[in-house]
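From just these sequences and the hints, can you work out the full model?
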Amino acid sequence: MSALFWRILGTNGLIFVIGVAALALTPLTVSSRILLSEFVVLALGLTLMVAANALLLRVSLAPLAGLTTLMARMDSLRSGDRLATTPNRDLFRLVDQFNAMLDRLEADRSISTAVVLDAQEAERRRIAQELHDEIGQSLTVVLLELKSVVSRAPEEVAEDLRGVQEVVRSSLDEVRRVAHRLRPGVLDDLGLTSALTSLAGDFSETHGPRVTRRVQTGLEGLGADAELVIYRIAQEGLTNVWRHSGARNAELSLQQEKDGTVVLRVVDDGSGPPKEAGAGIRGMQERAMLIGAQLTIGPAEGGGTEVRLVIPPRGSRPAPGRPAK
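For reference, each letter of the sequence shown is one residue, going 2 to 326 in my numbering.
Some clues are possibly wrong.
Unchecked claim - Cβ pair distances, simulated, as ranges:
#1 V311 to D161: 23 to 33 Å
#2 D190 to P155: 44 to 54 Å
#3 V264 to V165: 45 to 55 Å
#4 T69 to D190: 45 to 55 Å
#5 L162 to E131: 42 to 52 Å
#6 Q217 to A101: 17 to 27 Å
Read the hints as simulated data drawn from the structure, not as lab findings. What you are looking at is a predicted structure, and each value in this text was computed from that prediction instead of being measured. Every residue gets a Cβ at the ideal spot worked out from N, C-alpha and C, and that includes glycine.
In structure tokens:
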């Protein structure tokens, strides 16, 4: 900013010196009652000074307009948005410091988000394990005991006990489904393709929309972090279709392009995209940010909603806990 100050001061001083020199070294004078010719000269000098100052300020302060626009559109869940450094050196330090501040804020947020999501996954794993080992085994013991009691009970009581058996069996199945959604063992054991296929099948069996699967096999260069992000976003996307869209059909697709980019799509024929982002959508955005992926949620062709996640090739993705550039 000091450079800008001296440029403005120097420009005004130069114009003043030129005016004084013109009065001192040339026949130009200013009468006590100003003449028309003298008024024209003074008007031209004033116009020149104003024009020079206007041009200087417009060129020098131009980066501030871009800075204001960037600040207005900044989104904490969209990384990599920066103000380009221009040849104008008056405000280059301000622009560089602003971009550096955004880098630090995004790095801190990305690290914090990674820690929170890691803790969330650990808690999901713990709860799923307890559901399976504690509640699941307890319900299994209850079923075995009921089976033994039913075999010895009078017929009029046995019929009621069979009804209790069905309730317990349904509860056991539900506990297993919840544990599976919390931490899908198939993702760890069989990989992303099998996990997504199983996920789509689970939603199709819940009397919700019919889910069509188009999942490519043999995906390369994803890594465990990206696979988990893809699975969780697909899971949240299908959950939103089931709960909110009123759709009859949905499509889950995962394809890899020639350059290594992986594209996940969850498309439905329901009521259209939400007007406001809820906790589920913000969670998807945070997960996408961690791996430098681009997440868009908008209208699908022909109506409904499309959730689209674009994961760049592994070499161009940030390390976990660092912001995308």
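We went through each hint and held it up to the structure:
1. V311 to D161: 23 to 33 Å: About 56 Å separates the Cβ atoms of V311 and D161, which means 23 to 33 Å is violated.
2. D190 to P155: 44 to 54 Å: holds, 46 Å
3. V264 to V165: 45 to 55 Å: Hint holds: Cβ distance 49 Å, inside 45 to 55 Å.
4. T69 to D190: 45 to 55 Å: holds, 52 Å
5. L162 to E131: 42 to 52 Å: Cβ of L162 to Cβ of E131: about 28 Å, so the range 42 to 52 Å is violated.
6. Q217 to A101: 17 to 27 Å: violated, 40 Å
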